[in-house]
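Participant: Given next are the chains, with one letter for each unit.
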Amino acid sequence: GEDVEQSLFLSVREGDSSVINCTYTDSSSTYLYWYKQEPGAGLQLLTYIFSNMDMKQDQRLTVLLNKKDKHLSLRIADTQTGDSAIYFCAERGSNSGYALNFGKGTSLLVTP
Amino acid sequence: NAGVTQTPKFQVLKTGQSMTLQCAQDMNHEYMSWYRQDPGMGLRLIHYSVGAGITDQGEVPNGYNVSRSTTEDFPLRLLSAAPSQTSVYFCASSGDKGDIQYFGAGTRLSVL
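In order, the protein sequences belong to chains A and B. According to our numbering, the first sequence is numbered sequentially starting from 1. According to our numbering, the second sequence is numbered sequentially starting from 1.
Check each hint, because a few of them may be wrong.
[Said to hold, decoys possible] Taking lysine-lysine and the DSS-like style, the derived pairs with C-alpha atoms no more than 25 angstroms apart in a straight line are:
#, chain 1, residue 1, chain 2, residue 2
1, A, Lys70, B, Lys9
2, A, Lys67, B, Lys97
3, B, Lys97, A, Lys56
4, A, Lys104, B, Lys9
5, B, Lys14, A, Lys36
[To be verified] Sample of chain A residues at the chain B side, in silico, Cβ under 10 angstroms:
#, residue
6, Tyr33
7, Ala85
8, Phe88
[As the list claims (entries may be wrong)] Residues of chain A clear of chain B, computed beta-carbon distances all greater than 10 angstroms:
#, residue
9, Gly15
10, Ser27
11, Leu43
12, Asp54
13, Asn66
14, Ala77
15, Ser96
The set of hints was computed from the structure by calculation and includes no laboratory data. Even glycine gets a Cβ: it sits at the ideal position worked out from N, Cα and C.
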C-alpha cells in the first residue's frame, strides 16, 4: 500500500511543545488521524482532520495539514510526562473501504 | 456502551494449532476490520468487511480466514498457527461515514 512516513523518536522536556510530523502519499485521502498508544495498551484516537481543512485545534493539540505537500503534523502544547507514548499517523485512503493506512509510529519521550 | 470487544486478551499457541480471535461491536457498524501490529511495523490490515456476508483481503491476509455472518461479529481464524503470526491483533469498526474507527483493546498472541 501507500507509505505513511514518520520519524521514529522524539524527546522533549516537560513543559515544552512537541511536534510530530508525518508525510503521506495517497492524495485521495479523505481523513487523516493521530492515534496514541501507551505501553501494552490499545489505540486511543487523539484527533482527526478532514482533508478540506488546514488546521484543527483541540485543547493542547493542534493538527496542521498541508495537502499540497501531503504533510501532517501534531503539536502538543505544554507536554507532560503522561504524554510519553507512541503516536501513530494514519490516513483513510481510497482502497480497502474505510481501512486505515498507518505509519510506523513516533515514540515520544517526555523528560522532567 | 461496550464498543468493540475482543477476546481473548492473551493467547499462547503451539505451531500448527488453530484458534479463532473474536471481535464484536454493539454500535451497528457496517464496516469492520482486522489489523496486526508488529514492533516497528505500525498496524497492517489483514482482512476487512463492509457488511454482513462481504469480506475482502487487506495487505497481509495469508494464514488468516474471516467470515461475517452477522453485523455484530467479525471473527479472525488462524487455521495452522505459525511463529510468524506472533503479534498483537486489533479489531476495528466504523459507521457509515467512516470518519471514526473504533478499536478494540487488542489480543496478544504468541505462537511457539
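Participant: Now, for every hint given, state plainly whether the structure supports it.
Facilitator: Evaluation of the provided hints:
Note on Lys70 (chain A) and Lys9 (chain B): the hinted pairing is violated, with a Cα-Cα distance of about 36 angstroms set against a maximum of 25 angstroms. Restraint check for Lys67 (chain A) and Lys97 (chain B): satisfied, since their Cα atoms lie roughly 21 angstroms apart, inside the 25 angstroms limit. For the given pair, Lys97 (chain B) sits about 19 angstroms from Lys56 (chain A) by alpha-carbon distance, which is consistent with the 25 angstroms threshold. At roughly 23 angstroms between alpha-carbon atoms, Lys104 (chain A) and Lys9 (chain B) fall within 25 angstroms of each other, so this suggested pair holds.
For the hint pairing Lys14 (chain B) with Lys36 (chain A), the CA-to-CA distance comes to about 32 angstroms; that exceeds 25 angstroms, so the pair is violated. For the restraint placing Tyr33 (chain A) at the interface with chain B, the shortest Cβ-Cβ distance is roughly 8 angstroms, inside the 10 angstroms limit, so the hint holds. Taken as an interface hint, Ala85 (chain A) does not check out: its beta carbon lies about 14 angstroms from the nearest beta carbon of chain B, beyond 10 angstroms. Nearest Cβ of chain B to the Cβ of Phe88 (chain A): about 6 angstroms, under the 10 angstroms cut. The hint holds.
The beta carbon of Gly15 (chain A) is kept farther than 10 angstroms from every beta carbon of chain B, the shortest such distance being approximately 29 angstroms. Listed as outside the interface, Ser27 (chain A) is consistent with that label: its C-beta sits roughly 18 angstroms from the nearest C-beta of chain B, beyond the 10 angstroms cut-off. Not every CB of chain B lies more than 10 angstroms from the CB of Leu43 (chain A), the least distance being 4 angstroms, so the non-interface label is violated. With a minimum CB-CB distance of about 18 angstroms to chain B, Asp54 (chain A) clears the 10 angstroms threshold, and the non-interface call stands.
The claim that Asn66 (chain A) lies off the interface holds: its Cβ sits roughly 21 angstroms from the closest Cβ of chain B, which is beyond the 10 angstroms cut-off. Against chain B, the non-interface label of Ala77 (chain A) holds: every CB pair exceeds 10 angstroms, the least being about 24 angstroms. Taking the minimum C-beta to C-beta distance to chain B, about 6 angstroms, the non-interface status of Ser96 (chain A) is violated against the 10 angstroms cut.
The structure fails hints 1, 5, 7, 11, 15 (numbered hints given earlier, in ascending order).
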